[in-house]
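Asker: Residue strings, one per chain:
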Amino acid sequence: MRDHLFALSICLTAGAVLPAAETLPADHAQRMTRGIETFQKDIAPLLKAHCLKCHGADATKGDFDIATRVDLLRGSHNGPVVVAFDAAKSVLIEVVNHAKEPNMPKDKPKLPADAISKLTSWINDGAPYAEPLIAGRKPKRDPSKVTDEDRQWWSFLPLKMAKPLSATQGAAKIDEMLLAKAKAKGLTFNPPAEPATLVRRMYLDLTGIPPTPEELQSTIKNPASNIQKLLDSARFGERWARHWLDVARFAESTGFEQDYDRPFAFHYRDFVIKALNSDMPYDQFVKWQLAGDEYEPTNPLALAATGFLGAGVFPSQITANEVERTRYDAMDDMLSTTGAGLLGLSVGCARCHDNKYDPIPARDYYQMLSTFTTTTRMNVDVWPDKVTSAITTKKAKDKDTPPQKDATRMMICGEGYDPIVMHTQGGPFFDQTFFLKRGNPDLKDGEAKQGFLQIFARPGDEKRWQWSPPEGAKYSGRRRTLSNWITDVDRGAGALLARVIVNRLWQHHFGTGIVSTPNDFGKTGNAPTQPALLDWLASQLIANGWKMKPIHQMILLSKAYQQSTQRDAAKEAADPANELFMYRKPQRLEGEAIRDSMLAVSGVLDETMFGPGTRDENSKRRSIYFNIKRSQLIGSMVAFDAPEPLVSQGARPTTTVAPQALILMNSPQARVWAESLAKRVSDVSDVGQRIKDVYLICFSRAPRADEITSGKAFIESQRSSYEAEKKSNAEALAMADYCQVLLGLNEFVYVN
Amino acid sequence: MNTHPFSRRDLLQRAGGGFGALALSALLEGKGHAASSLNPFAPKVPMQIGGKAKSVIWIFTNGGPSQVDTWDYKPELQKRDGKPLDGFDPKTGFFPGSVGPLMASPFKFAQHGQSGTWASELFPQTSRHVDKMCFIHSCWTGSNNHSPALFMMNTGATRMGYPCVGSWVTYGLGSESDSLPSFVVMSDPKNRGLPKGSASNWGAGFLPSVYQGTWLKPSGKPIDNLDAPSSLTPQRQRAQLDLLAKLNRSALAASPIESELNARIESFELAYRMQTAAPEAFDVANEPEHIKKLYGLDKPHCAHFSAQCLMARRMVERGVRFIQLYSGGMENQQSWDGHNDIIGNHTGFAAESDQPVAALLTDLEQRGLLDQTLVIWGGEFGRLPISQKAAKPGRDHNPHAFTVWMAGGGVRGGYHHGETDEVGFKSVIDRVSVHDLHATILAAAGLDHEKLTFKFQGLDQRLTGVESPRVVKQVFG
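Sequences listed follow chains A and B, in order. The first sequence runs 1 to 752 under this note's numbering. The second sequence runs 1 to 477 under this note's numbering.
Isolated chain B, as found in the complex (with noise of 0.2 Å):
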């Protein structure tokens, strides 16, 4: 890809509001790159040696799924049943009024794989791949709240407005697509409604907003304006964007902003090829019977998230950098935010997506895509060990401690960091702040996280703040 979309004196002058981009261009420059990357989607070399991820797919369990009734597993909750869990303050939760005493999971553990990882029963086809996934179980937040979890989850900051992880990675490496967007967002197709504060949680803040998330509609048409209107066949349309080249070229030396207005040319050719690349991509109709069925996509509980995960393959394998799947909707019980029933909540929250995410990781290792793809699985926050107060209990939203789980791109398969207390209440060891989580994404990627800045308001921005937090070096063994 040619284009130059801005020169990269306008990125640096123009972008932001400072001088965007140039920590980055010098970083470029370091490794030899000489400045040529005029194109902000130019592919880049990674910064660090060991990333190997070169695609990232994120299933975000949104609501915030209890580790321990999933990937955490605490037999002394069990034993504890109904006891108090001393010292609790109950505004750790969202609702104070409603705390009740230490609820043992009403699921199931086993041990599975190699690694004799203990898995609840809510996943039995994705714990047949334990020995492939690294489990974080010690991560911790800094809100008891969706919207500003979500935010910090996305993007590093409670508040709203600051560039998402994939923003940040596509900045950072680019597109390998010429044809697709770079980074894609696809949110719950069931209509329950998306996740709090919606597209900030993909927005690229105070990046170039050509960095921001493509957020694909769930129904309709994916992207806008991908059809030509009616009377314009494809010849048509071919027959006006050779004579718009034409008449733009005949301008465009004696100006001194040829390579933009070149860029601008090709943008038009882009945007053409686009029309068919896109629709293409997304098409899972095409894949043969037995990837469809391994996907689960002839299941009416789980087809919408087959396809979606499918969608993610096709992506990952035409070059699309970050993808986001949003497993779930808003709130409550439209995601894993399981207030009240968690045994109902969480099994369909699980049954929905077990199937198609075993069948994501089996998929991408048959092709042989699993060691250059990050798959990650985790939501905003976890939720408490004691129960919430209803007819069917619930749990209430817990900061102090979550699982987050790894596969691909590198990551030591088996391998289990960090712990909760006894009951799962607190990260206790080895303990892991979302900023740790971000910069070690962004490690899987290639990224230096300390070196991956952005000018803004006076100051090198970067996705993993001014803490200085630690890459989770177990996570690459």
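Next comes chain A alone, as it looks inside the complex (with noise of 0.2 Å):
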């Protein structure tokens, strides 16, 4: 009987999560006895022979777990599956009676009359557990509550700040925590890679082309030197923000049935440029993005910044039934690319259901994204001191008017202009948010009003972020509110931002990020792999007044850097994954980056920043000003794994398949543009000087005398061929056949 109280005592404490209506039978204790002894008797072994398997031991289907207690009565995601004491309210009961679908046990028999009976009488007994169902089984956390524990989790944890370093100072501390962690494999850095390879690296790394002789001449002596030089060129942004609008799922069309142009949503691709050359500091950077135009509601780069919001599919053609359910998806689309995107978390997965991993309630969900109630696309026709709604809105047709006299038309996410409509059987937004269950519009469960993450908010924080806009603002303030939150790093999720961009920073100058998910930080993503490093990093971003540029400088000046791609099976074998960093494996340029490095080296890259792209594979452009349109996108670069812009992409694939291959091969640009570096050479009269030039061009080095000699036979071989079919060119066509083998090597388009 001892034991019996003791269970007793559990089962009632764990009574906290029912529901708080319920009310206790006067009689519990003695039923709660009685169904514990059922319990031991029958329920158990029927509970593990029919229904175990699927609900908490080989699987929870249906979200509904019976190993616990707590776990039984918390229900399934359809609601509550068993109320204790009332069996007659209990679906469970139905279902086992085959009343209601789904009939169980799942395709399996009903259940003895007898079996049902005592079910039924041990859930009006309190369904009191002895022990769980499985040995040792805790009942899962409450997904709909954020706990103390909950807030320890790595990514989550408070930042300890630093004083900002020299770039110098810096990168000795980046390197002297690696070391430190190294120490333990008895791993120490790679040698330095040879200057050249190192000027190389830096190029491509923060312009994205490679240098031109004269610059590899110039700075060889001492590439460090050269990396403030670099950062400061306009190439720079024009690099970074590439890597940035796969983060924002950036693109310039809605998507779906016509896939409707945004002929003006480039300035955000603008602005990002702008911003990361001019180092705009990275809280600015975010604010700006989610609420430009509550700062500074005339500033155009402010403005256009909100393209970040706006930049999502949406549907052009929707029913009267499903207006709402595409308003609520285009709400998610904003706060799921703010989560993901921003603070590395799938906040979006609480869209249905409470997030069962990372402490994200459905509540919080609904709450934050009540952020964007009110919050659409629309087109405005800015001056320096004015905005107004560009001329119509009716049916996406502002394209067809030109803009105002003097004035840009720029595609913004914020309020209060004309929002743009779609062909629609309802408004473009409604006036509240709703908790809806299972994230189903018709099951409203009450009006959400703005919130933040229980993680980084506590109860009474919220005035610390509250942003109330001037009389007769055209906005809520709800945005500058969220973006006040996500930048607090006291007391709202500035930490977290802090880290998961630094990791974003360090993910591109090492191929793999200190998370090496970066837009998963939570339990689902994969641990830091030198967490100490990580948090260093963000605390100097953070003391560095949110500067990017410092930290860029810091890791290109550390040796963990500068080291060689030089093989060392030792080395792999002791850390076959790199997470000590202490070699470095060459990394494929991306799509982008490869075209624009045959461009550059064949001399022919058209340098103008900004405004409209296009969508001419022919275009001398760099790559980042395709015009991106999501059903047209452009074919090399998705070749080479750009993403599709749909949702934030922290990282692409790197794959490589024959498409690659024949794009090298086959496309007229290709073959053009290794014409032009051809033409580049055409003056040396002498093939081998020829081959030399053409590999400090491309390779950023001078031809091994076998590569020279193999160079030589095959020009040679060319021409004839040619010569035999009487071609008058047949010297211009050979270089050019080389020079198209040279821009397919390994060697371009990886960077060493």
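To be clear, the hints were calculated from the coordinates, so they are not data collected in a lab. The beta-carbon is built from N, C-alpha and C at its ideal position, and this holds for glycine as well. Mixed in with the good hints, there may be bad ones.
Unchecked claim - Facing chain B, a subset of chain A residues (Cβ under 8 Å, in silico):
#1 K61
#2 E322
#3 T565
#4 V657
#5 I663
#6 M665
#7 E707
#8 T709
#9 L733
Both chains are given apart, each in its own frame, so use the hints to dock them into the complex.
Answerer: Structure representation (structure tokens):
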């Protein structure tokens, strides 16, 4: 009996998760005692034989877990399944009686009447457990609550702040921290890369274009002294903005049925380039993307920044019964991108249910979602000191009328101007956002007022972030409030915000982030390989006023960055995943950088910055200026793993497939650029010298003797082949054939 | 094929932003396959017993054919012609203002085959195969609008951006061909447009982009960059590739990513082979006359679809894993979307596909390929049993019921699964959701929909979602 009483006390304590309204029957103690006996004798064997396999042991179908009483009473994703002391209200009894779908046990014969009757009495006795059905099983975390224990997850912890260090000091600190960890395995850095290799690495990394022979010549003596110049070059923003545009799922069309162009969306891309080039502090970069219009209502750059929220897909044809769901989808797109892109959290997962892994209850989701209740895409005409709605907003036809005199038309995403309207049988937004059960707009559960993730917000803190717009403003202030929370290092999400962005910087400099799942810093992501270093970098970012160029400097000056890619079998064996960063793996350039490099070495690159893009593959501008239409993505970019711009993407896969080779072998562009490259050295009469010149242009090095030999033999053989066909320009054609080979080499597309 | 396009670790770490493919490779390991499959297209072993289909041909009847005018015979509807449909919600279809009364099918129905299957006169030739076909009459979907419904049918989600069935199957099974794309999509070649949402219907979503469908351009060269620049004869291009391989190899051993670099050398060889293999696979001109006749290549009204069905068979023979073939263009009169003039609309699209589809079934069977090829026929939703008012009445969209048939790939011929109500408005008996249908298609290919997962945004994502859909086991007899 002692055991029973002990179990009883546990069960009643666990009763804290029962719905608040539950009142215990007066004789509950007797009933529970009786129930425990039934549990041990009949119910536990019954549940184990017929239910547990799918509901707690091998699987948790329908999110219904019966291993412990707490889990049993929490119910399924459809709501309560067992109501303690009330079998009549328990869905379980209905489904085992086959009075309701899904009939249980699934695809098996109905339980005997006797078993059902025992279950019924047991539930009426409070459904007590003597012990979990699986030995040692603890009730699952209640995903609708956020506890202090949840806040102990590494990426949610506060940052230890540090004093800002100079770039050199910072680099030394990075190396020191990495070495400290590598010591345990007896590893140390590879030797430094050859200066020419390092110069090339820095150019490709920071500008996406290899150094010219002249640039190589002038910097080879001291590659490190050139870092600032590269960071200050306009090419830097064009290179690094492309990384951010993946995170921002940036495209310039609506997607869905008609995939209408968004002809004024390119201003967002230009904003990112300008912001990165001017080293806009990252907290401001974030604030403007969420609420630029609420910070500086007439500043074109701040307005353009809000394109971040508006870059997602949106249907162009919406039937009456889809209007509301579509609106929730649109807000979800804004919130999910904010969550994954800025905080590395799958906030969007909490749309249909409390996030099972991370402490993000569905309540938090809807409270955050309500930030965007009245936020829509709008085309506006912008003057230096004035903004108006674009002339007409009927049926997405703003593009048909020119901007008003002296104005720039841009697509922004905010509040207060005329929303862009699609073919819809409803309005552009609703005045309120509701809590939805299972994400279903037909299952509303009260209005959701703005709030934030409880992990980073405690009761009473809201006032810290609350911002009320001035009288008569066009906007609600909710997005600026959100941006205050997300950048607040002390009480809000700022520490995580900093961790996520420094990890992205590291990732693009090294090929892999310290957290290799850059959009997932939660429980389903990978743990940081160098947690102390990541935190330290985040604190340096903040200490440097959120400026990112000092962080780039530190990283590029480190031995870790500058070491060679030389192979060391022992090291690879000791650290195959390179989590210690004691060697470097060559990285394949992205499609954009491959194409830009081809244009650059061919001498035909058009350096015009900004403005509307094009989808013409023959364009000679940098690839970031391709217009991105979702239904007509640029073939050569997609072939080299450019993602579909639908959701935030933190890392691209690197695949090697035949269509990439076909582009280099057969595309008109590859051929024309090879011909241009050949033309650059056509004045040089000596074939050997020509080979040396193109090697220097393409690979920042001189060819080896065997490379010259095989090059000469190839050119000679191709030339005679063309001559046999009486081609007048056999020499030039042969040289173009050769240059095309060089542009296809691994060495051209991999950064050593 | 020995290529190593990405190492397992790379796939795990970099794909999508999560532990891409971990679940799958773990499964393969469970099957006794070492982690040797570095190539994303390496043929993989099915995950469950019973799946016979090695290839899938999905004839996607775009726009939503009317079930009550094709394969779901409703005598009661014939009787109640002109009567109102009580309790009908005018928002069910797309045009709430054009709601008419119940409309009998204007097409004659008759019974066919041993199974006594009722079929309308629209498909005189395909109807001869009813004993090979398995009909699911109780399909239903969640959207009454083309593009969300297309996304639902293709990707299992009404929102844009999820991987489609073909991508999942290719991801799960790999490719049997070393010189052709593993997943090919053909759209209407008669300038009637693409299905709404176009490429998103065959996108790989969060799966690595190598699994996306290769869309064959309906005019001009079907695949980009298959032809060498004019100056490069095969010999000269071969010389280029030889030099490329030689120079690439010299730097190989010294690199910590030797296998990745090696894969790149291989990819050029594969590309070189593809230049001849792909046009050969797509070229129906060299088929014998009796085959061309069988498919109807000699008949102007259906020749375009005949050619595509014949190409599909040629691709199946050459190891292409998944082929999707759209019947019809975008919407309204450009596809099976018979809002107006259901008679003219359905007569036209049935006429251009009936003989080619029947020929495909005949041809696959006579070559012994039907058992290992799952042929699917169906669209994104059905049509209402009531009329959509117009001079020549049509039928509006109906998400509540439609028929999909399958043949080959081990499905049970002549079997009819599920039922709609007496007028064919709603699926009522043994309802089959799109996720159920997807689970069944995967099962036919030997893939367990619960185990075919990909980690993305922190979750083990799958084609069939979280609602525990079920395989329609009866389909396999």
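Asker: Evaluate each hint against the coordinates.
Answerer: Okay, the hints, checked on the actual structure:
no. : hint : in the structure
1   : K61  : holds (5 Å)
2   : E322 : holds (6 Å)
3   : T565 : holds (7 Å)
4   : V657 : holds (5 Å)
5   : I663 : holds (6 Å)
6   : M665 : holds (6 Å)
7   : E707 : holds (7 Å)
8   : T709 : violated (11 Å)
9   : L733 : holds (6 Å)
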